[in-house]
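Throw the hints in and build the complete structure from the sequences for me.
Quick note, our numbering runs 14 ahead of the 1-based positions in the sequence shown.
It is possible that part of the hints are untrue.
DEER-style ranges, computed between Cβ atoms [stated by the list, open to error]:
id: 1; residue 1: A450; residue 2: Q268; range: 48 to 58 Å
id: 2; residue 1: P192; residue 2: Y257; range: 17 to 27 Å
id: 3; residue 1: G188; residue 2: P242; range: 15 to 25 Å
id: 4; residue 1: P293; residue 2: P225; range: 33 to 43 Å
id: 5; residue 1: M216; residue 2: P293; range: 54 to 64 Å
id: 6; residue 1: A450; residue 2: R203; range: 53 to 63 Å
id: 7; residue 1: P225; residue 2: G338; range: 21 to 31 Å
id: 8; residue 1: L336; residue 2: A423; range: 47 to 57 Å
id: 9; residue 1: R371; residue 2: L422; range: 18 to 28 Å
Hints are computed from structural coordinates only; laboratory data are not their basis. We put the CB at the ideal spot given by N, CA and C, even for glycine.
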Amino acid sequence: MARAAGFVAGPALRTHPPARNPRPGFRRRARTRPARLAAGTTPRADPAGAGAAEGALWLEWECAAVRGLALRGNLFTAALLPPPRAGEGWGGGVRCIVAAAAVASPKPPPSQPPPASRGRSLSSSGWQSAVLALLLLLPSLAWSHAMSSAQWRLTQRDAQTWDSHLRLPEDFEGRLLPLQPQWPASCERLGEPRQQPADEGMVLRWTLRCPQGLDGQFGLQGFNVQLPDAVLLIEPLHGEPQYAVLSASRPQWQRSETPPPPPVAHYLVLGVEHILGGPDHLLFVLGLFALWRRSGRGLARLVGTLSAFTLAHSITLAGAALAGWQLPSAAVEASIAASILLLAVELATRAEGLAQRRPASIAFGFGLLHGFGFAGALAATGLPEGAQVWALAAFNLGVEFGQILFVLALLGLAALARPLWRYAPLALSAYGAVAAYWLLQRAAVVFTGANA
Numbered sequence: 015m016a017r018a019a020g021f022v023a024g025p026a027l028r029t030h031p032p033a034r035n036p037r038p039g040f041r042r043r044a045r046t047r048p049a050r051l052a053a054g055t056t057p058r059a060d061p062a063g064a065g066a067a068e069g070a071l072w073l074e075w076e077c078a079a080v081r082g083l084a085l086r087g088n089l090f091t092a093a094l095l096p097p098p099r100a101g102e103g104w105g106g107g108v109r110c111i112v113a114a115a116a117v118a119s120p121k122p123p124p125s126q127p128p129p130a131s132r133g134r135s136l137s138s139s140g141w142q143s144a145v146l147a148l149l150l151l152l153p154s155l156a157w158s159h160a161m162s163s164a165q166w167r168l169t170q171r172d173a174q175t176w177d178s179h180l181r182l183p184e185d186f187e188g189r190l191l192p193l194q195p196q197w198p199a200s201c202e203r204l205g206e207p208r209q210q211p212a213d214e215g216m217v218l219r220w221t222l223r224c225p226q227g228l229d230g231q232f233g234l235q236g237f238n239v240q241l242p243d244a245v246l247l248i249e250p251l252h253g254e255p256q257y258a259v260l261s262a263s264r265p266q267w268q269r270s271e272t273p274p275p276p277p278v279a280h281y282l283v284l285g286v287e288h289i290l291g292g293p294d295h296l297l298f299v300l301g302l303f304a305l306w307r308r309s310g311r312g313l314a315r316l317v318g319t320l321s322a323f324t325l326a327h328s329i330t331l332a333g334a335a336l337a338g339w340q341l342p343s344a345a346v347e348a349s350i351a352a353s354i355l356l357l358a359v360e361l362a363t364r365a366e367g368l369a370q371r372r373p374a375s376i377a378f379g380f381g382l383l384h385g386f387g388f389a390g391a392l393a394a395t396g397l398p399e400g401a402q403v404w405a406l407a408a409f410n411l412g413v414e415f416g417q418i419l420f421v422l423a424l425l426g427l428a429a430l431a432r433p434l435w436r437y438a439p440l441a442l443s444a445y446g447a448v449a450a451y452w453l454l455q456r457a458a459v460v461f462t463g464a465n466a
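What follows is the structure, given as structure tokens:
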């Protein structure tokens, strides 16, 4: 410190004539400081605290001199250098030396080489600054060794087996950081963990058998300052991976294999997809449409028939979803196939049958059975807690929206494909053949007792 102060506050500032000094005011201040410095005494601590105050004044002079040199060498750096404060202690001195190292070695122009004495002083000051900077960096270099994080990964092998991999990192002294894993009580470990060396740590491998699924509480114990947290990653065979961050404040995590319920808007889309993706329901609507075209009645008859079908399947759908109404699924599917075959027979005969005289009644009666078919598709998804009614209404609206789209498409085809009506008997034969095949296939399931 004394050497740096002697360089910046000594004769170096007074050797330049006033014409070459860019800061005359600073030159006058620089001449007065040695006089005041000589009038004082050497800074030292005393019981009365006068030494501390005088040392702070000495530090202020030194830093002011450093700022003066910085202004002569680098105006931008000097402008950013804040003035020291009294009582700043060694922190202010360190800051002054670092500032001197930053600005005291500007490259002189080739036409004006620096004097030999100044070059030696700059070189000495540069070496001191380099050593000081290295000392300041040593603590950060000591802690710059980044420690690897811990990770616990569970990968599903089959319906009941999971492969577990726990990576344990090392501390700064090369010792393994112990972490104790915890898994659901319904799972059991098969065999002892196997150790596998890894970069800067160790990997423990073992197998878990979970007959009831990997559903429960997971945890890791043993977190400390060097290992504040760890990542838990669960990779099932089907579905999206799940992860959680475990730490000392949150060492446990509850996993549930039951996915969160979908939003109500999802049921609207589900209803549209079910009606448009169910060929048996569409064929029944197609049969009702063909009966209407054959009758030659107005559009109101078609609307009434489809409304009766809608009302009927809405009743049984709501009863099955909210009140628990149930029928054997195989019997319901066979009855739906029978309803399509009945319409095919009605369309094949010239005489007016019951379906042609009262299509709304036929649509309502068989619509009750179709409602149980819709309920089966809804049961696979389930209704969200607290919003069963809204979800059911959205699903039913989706079914009706898909049904309206299908009927509008039939109306457009009927208007555009008039020349193809001569092939109607062939299409009717294919319609009836499909219905008969479905009836025989589903009736066999009913009588054999499978999937009842």
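Quick rundown of the hints versus the structure:
1. A450 - Q268: 48 to 58 Å: holds (53 Å)
2. P192 - Y257: 17 to 27 Å: holds (22 Å)
3. G188 - P242: 15 to 25 Å: holds (19 Å)
4. P293 - P225: 33 to 43 Å: About 39 Å separates the Cβ atoms of P293 and P225, which means 33 to 43 Å holds.
5. M216 - P293: 54 to 64 Å: The hint (54 to 64 Å, Cβ to Cβ) holds, given that M216 and P293 are roughly 58 Å apart.
6. A450 - R203: 53 to 63 Å: 57 Å Cβ-Cβ, so the 53 to 63 Å window holds.
7. P225 - G338: 21 to 31 Å: holds (29 Å)
8. L336 - A423: 47 to 57 Å: Violated - the Cβ-Cβ distance for L336 and A423, about 32 Å, lies outside 47 to 57 Å.
9. R371 - L422: 18 to 28 Å: holds (26 Å)
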